[in-house]
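Chemist: So you can see what is in the structure, the chains are spelled out below.
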Amino acid sequence: MKMSVLDRILLLVTGLLAAYQIAFGIDSSSTLPVIAYTISFGVLLVAGLLLIILGFDVLEAPAVVIVSTLIPLGLATGLVWQYVASIRVIYLVFVLIGLVAIIVTRSFPRKGILPIIVLAVVHGVAGMTIFLLPITLAVTGQAKPGFALVGIGGALIGVGGLLLAFLKSGKPILSQKFIFSVLPGLLLSMTLCFVIGFIIG
Amino acid sequence: MLTKLRPYWSLIKSLQTGLLLSTGLAGYMSARCPVFNLGTMVGLGLSLFLSISGSTILNMWWDRDIDARMTRTKKRPLASGQIAPNEALRLGLLLSLLGVGLAVAMDALYGLIIFAGIFFDVVIYSMWLKRRTAWGIIWGGISGGMPILAGRVLGFGGFDWIGITLSLGILFWIPTHIMTFSMKYFDDYKAAGIPTFPSTYGFHMTRITIAVSSVFASLAMGFASFGIGMTIGYLRVLLVLSIGLLSLAAVSVFKPTERTNFGLFKYASLYMLSSMILMMV
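Protein sequence lines, in the order shown, are assigned to chains A and B. Going by the working numbering, the first residue of the first sequence is number 7, and it counts up by one from there. Going by the working numbering, the first residue of the second sequence is number 434, and it counts up by one from there.
Worth double-checking, as some hints may not be accurate.
[Claimed, not checked] Simulated pairs of lysine to aspartate or glutamate, DMTMM-like, Cα-Cα distance not exceeding 25 Å:
(1) Lys150/A x Asp33/A
(2) Lys174/A x Glu66/A
(3) Lys446/B x Glu691/B
(4) Lys617/B x Glu520/B
(5) Lys688/B x Glu66/A
(6) Lys699/B x Asp593/B
(7) Lys8/A x Glu520/B
(8) Lys688/B x Asp593/B
(9) Lys8/A x Asp63/A
(10) Lys507/B x Asp620/B
(11) Lys507/B x Glu691/B
(12) Lys508/B x Glu691/B
(13) Lys699/B x Glu66/A
(14) Lys688/B x Asp33/A
(15) Lys174/A x Asp63/A
(16) Lys617/B x Asp33/A
(17) Lys183/A x Asp33/A
(18) Lys508/B x Glu520/B
(19) Lys617/B x Glu66/A
(20) Lys174/A x Glu520/B
(21) Lys508/B x Asp620/B
(22) Lys617/B x Asp498/B
(23) Lys699/B x Asp63/A
(24) Lys117/A x Glu66/A
Read the hints as simulated data drawn from the structure, not as lab findings.
Using the sequences and the accompanying hints, generate a full structural model.
Modeler: Here it is, written out as structure tokens:
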């Protein structure tokens with residue numbers, strides 16, 4: 007499907023917002039969250055540029071599943087490391103094992119539901135972390151109310167992940183045309199929520 | 434009027450000229466930021482624009498016969514006969530002389546580097562080596578690194594390791610830019626009898642060369658940016674963009690497709706432009 011000028015503009019703004027976040031938005035964090043957030047927003051930045059250059063066809067590459075996993079995993083790791091010190095190491099181990107499991111199950115595809123289960127568990131836990139943790143922190147007063155926006159970004163990332171999963175399944179519940187038409191706007195909204203949430207939260 | 438001017442505008446390859454111009458400005462601002470001298474900046478921009486445009490026109494003038502044999506370039510104004518060769522030669526010489534003259538008037542060393550850039554590009558690369566060896570692009574790369582070196586020298590007041598490293602960054606970036614292009618238009622170059630890396634060493638070796646070259650380009654840009662004193666945040670952005678470049682180069686080696694090759698070509702240009710913007714801001 008051909009990418010419209012509006013889609014390209016939305017993706018460019020997404021990339022610029024991600025670059026802004028990498029450059030200015032994560033300096034107050036300690037080393038590990040900085041690395042984790044850099045990976046997340048870095049993938050968003052490069053993915054935005056590649057989508058602009060190569061169009062939606064780039065999403066057909068098998069590596070997309072692995073690379074796109076880095077966005078929620080990085081964000082979730084950064085958030086947990088910053089705000090839930092008691093489980094930070096356990097969570098980091100889970101993330102690393104989950105990432106390796108996804109790489110292995112996707113690099114050497116096998117029949118059966120194992121690759122889907124691995125992806126669903128890792129994405130699910132990371133997605134729920136990004137969605138619930140910022141909102142909980144905002145509601146309980148441990149962070150400013152605006153930080154809840156990061157959680158909304160987490161919800162949007164979940165929607166994006168679902169759309170991509172539908173696309174990759176080969177039997178999409180939603181049409182490819184519909185998914186491609188909403189994806190650039192979704193990526194921008196998600197990134198905007200993250201950036202504003204981190205600024206005002 | 435616009436219709437008449439259009440062929441002349443396409444003679445200067447505005448995108449390529451713009452990219453090289455941005456490297457010169459970045460080289461200057463890497464030494465002078467946040468000090469901003471409007472007069473010098475205008476002079477720098479003008480002298481670079483005139484010199485780069487002049488050398489591009491001289492290249493087009495010299496290569497008009499091979500341009501006419503290649504599908505991609507046969508509609509260029511000189512190849513298609515829209516502009517007379519002598520007219521283009523005069524314009525190219527005039528712009529080059531004005532550019533170098535202005536550059537020398539601003540600073541002798543700066544002017545000398547600008548002159549060297551034109552000389553390497555037009556005489557060494559285009560006239561001497563381009564039709565003889567695939568390795569001619571090294572000289573194309575050296576001339577491509579001259580604007581950023583010139584800008585740095587003008588800003589800093591002389592040669593320093595940062596200026597040299599920045600120009601090395603451009604030198605190593607050039608293969609990514611040119612070789613992906615020569616793979617995309619392999620048949621065109623072959624028809625014109627121009628030796629390229631893909632026609633001399635094969636596609637696989639060319640892709641490996643691009644990947645290795647991208648590694649060195651990224652390292653050079655990273656070291657130079659660190660030396661300039663770029664903030665940690667900007668360095669992180671540069672690192673991310675570099676990883677993107679290296680990943681694409683690696684994919685093009687291990688899973689080569691036409692699309693990946695084209696993507697690498699485009700991404701490499703975006704990478705360079707982004708690096709220059711990071712240095713300027």
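Chemist: Are the hints correct? Go through all of them and say.
Modeler: A quick look at each hint next to the structure:
1. Lys150/A x Asp33/A: holds (18 Å)
2. Lys174/A x Glu66/A: Judged against 25 Å, a Cα distance of about 8 Å means the pair holds.
3. Lys446/B x Glu691/B: The hint holds at about 24 Å.
4. Lys617/B x Glu520/B: The given pair, whose Cα atoms are some 31 Å apart, is violated under the 25 Å limit.
5. Lys688/B x Glu66/A: Given pair lysine 688/B, glutamate 66/A holds - Cα atoms ~14 Å apart, limit 25 Å.
6. Lys699/B x Asp593/B: violated (31 Å)
7. Lys8/A x Glu520/B: violated (42 Å)
8. Lys688/B x Asp593/B: Cα-Cα ~40 Å, so violated.
9. Lys8/A x Asp63/A: holds (9 Å)
10. Lys507/B x Asp620/B: Answer holds: lysine 507/B to aspartate 620/B is near 14 Å, not above 25 Å.
11. Lys507/B x Glu691/B: holds (23 Å)
12. Lys508/B x Glu691/B: holds (24 Å)
13. Lys699/B x Glu66/A: holds (19 Å)
14. Lys688/B x Asp33/A: violated (37 Å)
15. Lys174/A x Asp63/A: holds (12 Å)
16. Lys617/B x Asp33/A: violated (42 Å)
17. Lys183/A x Asp33/A: violated (39 Å)
18. Lys508/B x Glu520/B: Holds. Lysine 508/B to glutamate 520/B sits at ~17 Å (cutoff 25 Å).
19. Lys617/B x Glu66/A: Between lysine 617/B and glutamate 66/A the Cα gap is close to 22 Å, so the pair holds against 25 Å.
20. Lys174/A x Glu520/B: Distance of about 57 Å is beyond 25 Å: violated.
21. Lys508/B x Asp620/B: Holds: lysine 508/B and aspartate 620/B sit about 17 Å apart, inside 25 Å.
22. Lys617/B x Asp498/B: Given that 25 Å is the threshold and the Cα spacing comes to 21 Å, the pair holds.
23. Lys699/B x Asp63/A: holds (16 Å)
24. Lys117/A x Glu66/A: holds (19 Å)
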